[in-house]
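Participant: Spelled out from the first residue to the last, the chains are:
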Amino acid sequence: MVTIEVDSLTYNYDSRAVLDAVSLSVGKGEIVGVLGPNGCGKTTLLKNLNRNLSPHGGCVLADGSDLEAMSKREIARKIAVVPQTNEIRFSFTVEDIVKMGRMPFQESFRGESSEDMRIVRDAMERTGLTPLAKRYINTMSGGERQRAILARALAQSPEVILMDEPTLHLDVNMQFEVLDLIRDLSRERSLTVVIVSHDLPMAARYCDRVVLIHGHRVLAAGPPEEVLTAENMRKVFKVDAELEDDPRGGRKTVRLFGACRD
Amino acid sequence: MPEPASGRYNTAGAHMRKIPKTLAIIVALAAMLAASVLLDLSWAPRPLSLGEVWAALCGRGTWANDIIVNGFNAPRVFFGVFVGAALGVTGGVMQALFRNPLASPYLLGLSSGASLGATVAILFSIPLIPLAIAQPALAFAFCFGTMLLVYSLSRASGGVRTETLILAGVAVSSLMSAAVSLFTYIAPSEKMQSIVFWSMGSLDSVRWSNASFSVPLMMIGIVVMIASSKKLNVMMLGDAHAMDLGIDVRGTRIFLLVISSLVVAAAVAFVGSIGFIGLVVPHIFRLMLGPDNRVVLPLSAFGGAAFILLCDYVAHTASSFYGVLPIGVVTAFVGAPFFIYLLASRRREIGW
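Chains as they are written, first to last, in my numbering: chain A, 5 to 266; chain B, 188 to 539.
The set of hints was computed from the structure by calculation and includes no laboratory data. Watch out, some of these pointers could steer you wrong.
[Said to hold, decoys possible] Examples of chain A residues lying across from chain B (beta carbon under 8 Å, computed): (1) Ile92; (2) Phe94; (3) Pro108.
As the structure is a computational prediction, the values presented were derived from the model and not from experiment. C-beta atoms are modelled at their ideal positions from N, C-alpha and C, and glycine is treated no differently.
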């Protein structure tokens, strides 16, 4: 069953196409990685997936209905986002930030219901933020802020989470912890996850399917072992790399040997 | 994920006291507001005692006291409460809306727009329409027009950038102020005096008829703005965050700008532009209690009201030497040093 369907999506900045007739579909409970070098339009694609931007051509369907026909609030009840930059200047507490995830469900005069608070506490618990609940967000490290935003996304009790370069600000161990958590949640709650990244080993390890973007178009889509061929990775990322089985377990990983000079 | 520590909310110190602290500040503010209302009501050439004020309010005062308290002081104080509250809340809303500490009704040109409208009305008497109607009408029209102009200037290239909006506001605002200065300069002397006095702000010319027109507008505006606190909190994180959480950022921004210009025009039309309240009052509460608009905006309403009345009292008590001072002079003289003290002694990084 398809939850997100992108049909020949085109998006331009000043008449320069950054996305050129991109089509892809994401099934319920799947973790899909959208991979490509910087500037290939990945982030733009992600922003189109929750109507933060509106396509100039084609359309995006969530559970069969066009995002353009849905209100922002309706979209935010289904689709949560963990953006790439997470600088927050103001001294809100972590708990304040996570509570904001309940906004799409609340009337403006109401406070949090006990159900809201249960979801908020659960989101903080899952992301290990409970002991940091009253810390000020602007005094925290980039990785901690990232987790707070992830917790906020979980508090939206979404069906889909969109993540933009989730490993960018994180220490190496936290990269694994966050993605392990995402995979667990995806399995438990059949949460659909779209991750935009240029982190090949992480994508090979965690994604059920990957979509390779090259020259503003989809070059290949499918399971990592079909898409992340040495040839494709050379073409798209200009690296000498190989997909291999992780010797420690049944997963895949990508070994990077160096840049291609040609 | 790291194991959570045992106590669920074992936390970094000061925050545990936040709720009681907020309560204490609310109580203190309410007391301050009540005190400043009584104080400002008591003003007379020979200052009245609080007992005399109370007696006059209850209709048991002497004939003279009744005229002073209920006739002269009451409309001024009543209107002042709402003007102070309106300016305080509007300033707080604008700072949150534009994520800019300098934002205030002044910065976006709303005040100077309204001033220009009123100045034009005073200077060029419009035939058949009395000044009492022409002045607020033109203040509204100019305030609203300024808001539209600033907004449309800043959306030249598609989206609206808050930095551009503020730059456009500064530019348009200086133009408006220059026009006010020009009109003041060329005005005949009897009109010049009323323009000058009006442009520095004063609650003295307020009548009950003005209040019945402006106060409902300001009240509705204040309530609507405070009801938007939660959205404003999210918008302070950035437009993208707000959109991700389902907020129609563009619509909310335009809506709150329209409300702000209505409220500012309703205030400025009758009392002139009174500076410093919209800028400083919200900052004071943010410095004390953090950025949450659900706290900052309601307190700014109380704080703005108390502040304007205290300044009005000072403006009047200085009068035995110099006549009634323009209230804008007093708000700056009282507000600026207090604000500087707060800035210098702040313990908490609030984000700007």
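Participant: Does each hint hold? Answer for all of them.
Facilitator: Structure-based check of each hint:
no.: 1; hint: Ile92; in the structure: holds, 6 Å
no.: 2; hint: Phe94; in the structure: holds, 4 Å
no.: 3; hint: Pro108; in the structure: holds, 4 Å
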